[in-house]
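Undergrad: Its first residue numbered 5, the sequence shown is counted upward by one per residue in the numbering used here.
None of these hints come from the bench; they were simulated from the model.
Any given hint could be a false lead.
[Unchecked claim] Here are the computed lysine to aspartate or glutamate pairs in the EDC-like style, where the Cα-Cα straight-line distance is at most 20 Å: (1) K96 to E63; (2) K25 to E72; (3) K42 to E16; (4) K18 to E45; (5) K32 to E63; (6) K36 to E53; (7) K41 to D20; (8) K32 to E21; (9) K25 to E155; (10) K25 to E106; (11) K18 to E72; (12) K32 to E16; (13) K96 to E80; (14) K120 to E35; (15) K120 to D44; (16) K41 to E16; (17) K41 to E63; (18) K120 to E56.
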Amino acid sequence: MRAIFDCETTYEGKIDEVVEKCHWLPSKGVEKEYLDKKRDEVIASLPQEVQERVRSTVECVIFDRTTETWGTVTVETTGILTFRLKNPDADKLRRATERLVEEIDNYSVVHGNHLKLPEHVQILQANVTHLAFNGTIVLFRKGTFRFALKEKQTEVRIVQFALAILFLLLVATFPYVKKTVAEVFSNLSQVNGPLFAEWVFGNLDRLTTSMLTTIVVAALGIAFYYSSLRQQVRNRSGKATKINWNE
């Protein structure tokens, strides 16, 4: 399996200097022939039609010691670095991708924003373009609250809908409106009119309470999720990047 993502860059120096500061260069003692072999293995996992283009634009070979994942960095378009990783184990590949994204983010913070991470990472089957996993990169420095709102869109829509209904209910139960409606019902029927008006406004009051409860429950769901994200940031000991994977 293979992972791929692009980074926009304004860096004008050697790409392997950036990779070294991200702690992803193989050991200096590794022979060039072995690096070429690993480069060719990564390229061989790509669709046939792109292999030659990638081979001609490789800047350096990268390696993650923890997961034993090899990869390449290419510049196929000016100002764009393409990172590709290869590992037959899907879990190791995901962990390696998370580590690489995290190191790139840390590099950008420490050394200047030379690299801009994308919103998504893809993990594909070998030699084809079939998507196995899609990952959304979460940069907590850009605001966990905005991310929480995006993740909890259902709850956000519920709050918005309930607020709109609540506004209409408050207007409908405004004292002047209630008095006017009660007079209309009384004019229609001296006996049943007041009873019917009481029944209508009683239901509206209960519906108002229900909308308030809905808003509070949905808002608490968003708040608790946001709190858990903030806790993740604190628990990651300064690591501010996360990938949410969707199969």
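Undergrad: Work down the list of hints and note, for each, if the structure agrees.
TA: Structure-based check of all given hints:
As the CA atoms of K96 and E63 are separated by approximately 24 Å, the hinted pair breaks the 20 Å bound. For the proposed pair K25 and E72, the alpha carbon gap of about 19 Å is at most 20 Å, so the pair holds. Between K42 and E16 the alpha-carbon distance is near 26 Å, which puts this suggested pair outside the 20 Å criterion. The hinted pair formed by K18 and E45 fails the criterion: a straight-line CA distance of about 23 Å is larger than 20 Å.
Proximity of K32 to E63 is assessed by CA-CA distance (about 16 Å); at most 20 Å being required, the pair is judged to hold. Straight-line distance between C-alpha atoms of K36 and E53 comes to about 26 Å, which puts the hinted pair past the 20 Å bound. Restraint check for K41 and D20: the C-alpha separation of about 18 Å stays at or below 20 Å, so the hint holds. Restraint check: the Cα-Cα separation between K32 and E21 comes to about 13 Å, which is no more than 20 Å; the hinted pair holds.
Between the alpha carbons of K25 and E155 the distance comes to roughly 33 Å, so the proposed pair goes past 20 Å and is violated. Distance restraint check for K25 and E106: the Cα-Cα separation of roughly 12 Å lies within the 20 Å cut-off, and the hinted pair is therefore satisfied. At most 20 Å may separate the alpha-carbon atoms for a hinted pair to count; K18 and E72 exceed this at roughly 24 Å. In summary, the hint linking K32 to E16 is not supported, as the alpha carbons are separated by about 23 Å, beyond the 20 Å threshold.
In summary, the hint linking K96 to E80 is not supported, as the alpha carbons are separated by about 26 Å, beyond the 20 Å threshold. For the proposed pair K120 and E35, the alpha carbon gap of about 31 Å is over 20 Å, so the pair is violated. A threshold of 20 Å between alpha carbons decides the hint, and for K120 with D44 the separation of about 27 Å lies outside it, so the pair is violated. With a CA separation close to 28 Å, the supplied pair K41 and E16 exceeds the 20 Å bound.
A C-alpha spacing of about 15 Å is found between K41 and E63, which places the hinted pair at or below 20 Å, so the restraint holds. Between K120 and E56, the direct Cα distance comes to roughly 26 Å. Violation of the 20 Å bound is thereby established for this hinted pair.
In this structure, the earlier hints numbered 1, 3, 4, 6, 9, 11, 12, 13, 14, 15, 16, 18 are contradicted, and the remaining ones agree with it.
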